[in-house]
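J.: Here is what each chain is made of, one letter per residue.
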Amino acid sequence: MRIASSPADIAIRTAKTRQSLQRRPQADLPGTLFKWLLISFTGFAIAFLGVLIVVMVNDGWSVLTGRLGGFLSNGFSQRSAQDAGVWQGIVGSVQIGIATALFAIPVGVATAIYLVEYATGGWFARTVELNVRNLAGVPSIVYGLLGLTVFVKTLDGFTQGKTVIAGGLTLAAMVLPIIVITSVEALKAVPQGIREAAYGVGATKWEVLSRQILPAAVSTILTGTVLSLARALGEAAPLILVGAATGFISFGDSNFLETFTGPFTALPVLIFNFARQPGEDWSANAAAASVVILILVLMINGAALYFRNRFEKKW
Amino acid sequence: MTTISAEELQTASGRRLRSSLARWMFLLASAITILISGLIIWTIASEAWTFASQVAADQLQTIGWFPRRGMFDIGTLILNSAQIATVAMVVAVPSGLGAAIYLSEYAHPRVRRIMKPTLELLASVPSVVLGVFAISFITPVVLSKFFDDINFFNKLAAGIGVGLLVIPLIASISEDALRAVPRDLREASAGLGARKVTTAIRVVIPAALSGLMAAIIVGFSRAIGETMVVTIASGGGDTSLFQTSIKESGGTVTSAMAALGLGTDQVAGDDLAFQSLYFLGALLFIITLAMNMLGNMIVRRMQERY
Numbered sequence: 001m002r003i004a005s006s007p008a009d010i011a012i013r014t015a016k017t018r019q020s021l022q023r024r025p026q027a028d029l030p031g032t033l034f035k036w037l038l039i040s041f042t043g044f045a046i047a048f049l050g051v052l053i054v055v056m057v058n059d060g061w062s063v064l065t066g067r068l069g070g071f072l073s074n075g076f077s078q079r080s081a082q083d084a085g086v087w088q089g090i091v092g093s094v095q096i097g098i099a100t101a102l103f104a105i106p107v108g109v110a111t112a113i114y115l116v117e118y119a120t121g122g123w124f125a126r127t128v129e130l131n132v133r134n135l136a137g138v139p140s141i142v143y144g145l146l147g148l149t150v151f152v153k154t155l156d157g158f159t160q161g162k163t164v165i166a167g168g169l170t171l172a173a174m175v176l177p178i179i180v181i182t183s184v185e186a187l188k189a190v191p192q193g194i195r196e197a198a199y200g201v202g203a204t205k206w207e208v209l210s211r212q213i214l215p216a217a218v219s220t221i222l223t224g225t226v227l228s229l230a231r232a233l234g235e236a237a238p239l240i241l242v243g244a245a246t247g248f249i250s251f252g253d254s255n256f257l258e259t260f261t262g263p264f265t266a267l268p269v270l271i272f273n274f275a276r277q278p279g280e281d282w283s284a285n286a287a288a289a290s291v292v293i294l295i296l297v298l299m300i301n302g303a304a305l306y307f308r309n310r311f312e313k314k315w
Numbered sequence: 316m317t318t319i320s321a322e323e324l325q326t327a328s329g330r331r332l333r334s335s336l337a338r339w340m341f342l343l344a345s346a347i348t349i350l351i352s353g354l355i356i357w358t359i360a361s362e363a364w365t366f367a368s369q370v371a372a373d374q375l376q377t378i379g380w381f382p383r384r385g386m387f388d389i390g391t392l393i394l395n396s397a398q399i400a401t402v403a404m405v406v407a408v409p410s411g412l413g414a415a416i417y418l419s420e421y422a423h424p425r426v427r428r429i430m431k432p433t434l435e436l437l438a439s440v441p442s443v444v445l446g447v448f449a450i451s452f453i454t455p456v457v458l459s460k461f462f463d464d465i466n467f468f469n470k471l472a473a474g475i476g477v478g479l480l481v482i483p484l485i486a487s488i489s490e491d492a493l494r495a496v497p498r499d500l501r502e503a504s505a506g507l508g509a510r511k512v513t514t515a516i517r518v519v520i521p522a523a524l525s526g527l528m529a530a531i532i533v534g535f536s537r538a539i540g541e542t543m544v545v546t547i548a549s550g551g552g553d554t555s556l557f558q559t560s561i562k563e564s565g566g567t568v569t570s571a572m573a574a575l576g577l578g579t580d581q582v583a584g585d586d587l588a589f590q591s592l593y594f595l596g597a598l599l600f601i602i603t604l605a606m607n608m609l610g611n612m613i614v615r616r617m618q619e620r621y
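Same order as they appear, the protein sequences are chains A and B.
Heads up: the first sequence begins at 1 in our numbering, then just goes up one per residue.
Heads up: the second sequence begins at 316 in our numbering, then just goes up one per residue.
It should be emphasised that the hints constitute simulated quantities derived from the structure, not laboratory data.
Glycine is no exception: its CB is placed at the ideal position from the N, C-alpha and C atoms.
Warning: the hint list may mix true and false statements.
Stated by the list, open to error - What follows is a list of derived Cβ distance ranges for each label pair:
{"no.": "1", "chain 1": "B", "residue 1": "P432", "chain 2": "A", "residue 2": "V201", "range": "34 to 42 Å"}
{"no.": "2", "chain 1": "B", "residue 1": "A505", "chain 2": "A", "residue 2": "S40", "range": "57 to 65 Å"}
{"no.": "3", "chain 1": "B", "residue 1": "A505", "chain 2": "A", "residue 2": "L298", "range": "35 to 43 Å"}
Build the full structure now, drawing on both the sequences and the hints.
T.: Next up, the structure:
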């Protein structure tokens, strides 16, 4: 009888078995297809951003190269498209942005601090939280109704009617929930140990907050806030309801501070108005103004990213 | 030898006072958010009620929405809103979900770090710019190639524009949902020999399904509430005739509000036109609130599960 399992045989057999067990690397066709489907969907979103920018620059090219200086420094002109500019829109948007930030940031961050640091899960805190989440989904134009009735009409002693202040308050109400939500996330990310250590050396709650937690969370809070202000910058619908002027405004000789309580407009409202006028020249204006606002939005987003990367703390 | 008395060890009263003052300040701030909700509801409800109680039934069923002529066919606006939001979903759901699955399951961390800010940038493109894009590119360059008889202002282009706006929202909510699925599930699936595509389709997506549904619901609600794209690309004037074709123009609930708001000074005198603005606001508020609450509820339940 032959010994079948000589070391040499075993070696040959196992080699064969291993080879037959080992599947040749097959092309995973469905997997590859799925992956490329996903990539093409993602690419669609990114490509759209590219196409948008190219189309706007292309359509606005005559304005952007022909009369950029005048376009940036002129006011709105109802009479001719060649004289129309976006200066008043830029000024208005900056003013509204300042007013929005002044109203929304303190209230938003303070609400977040209450929710994270003080609330103990009582009915009040739960109501505030649910309320903020629901406010975040309210369409922007509904805030316009709030602005029209409350800020323009009821509070006209404070806002002087249809002014930058009324517009700023309206947009502040709109971005408030976003600021609260992002600030809550930022505060929750601060490790509990920091609070305990501070209490341990005898700090009061206010001292813990102002010296430890807020400095630790400020970069994330800033990022969220800046992004929400970028959203406010692009909003036209609520401002239209609050009564942003869609035509030329005469500032007269009033100074920068006085214009806060005068009639106002904003960059997106001007774009809307350009887009409504018939004719090639006006659509070139609309495209050029869109390029201007896109650049502003890009800058704000860049700033937010900078804050995030520069100051982000890793615990 | 110095002795320390009990008084000296006690917290200075100024520090304590400051701390309790701060507490009241924060409480007050959170009360403001509730005040805002209260004011929104009070504002809308009072004028909307005036409209609802004074409008005659035959004014609500006419050939379209002509508020200055006393014809308030709200059905027209609701149909247009639904059509435009549906077109928007057809555009936004595949792209938003696809991007989310790619970013959470496939993308290299380095790719992710570039894609996320890009999507955020997409989210902050102002809606008026999308409106301009719709009438300068989507309709004349793209849609007119496929349809000869398309109106310059049409619901299809508006819907596509709104859809492009909603993509980043859907992508970000669904990416959160997908990333909330525990790693163990993916590893267990891979351990059983499943391919990546199988793991994604049979394990991760079903586990995150409710979160993905929430993303779609919230996206739809956002599409219903979008104003400027529709106002520029479809609902031009303040009137709209009842038309079922999406190749025709038509205003939505939101664009009708913007149109009424453009002339708030003149509108005030017209029979019920001013009040109809608030009635539309109430309608919009209720629809979007219901959808958002549903979406939030689903998201929260999902967070509790994992």
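J.: What are the numbers of the hints the structure violates, in ascending order?
T.: 2
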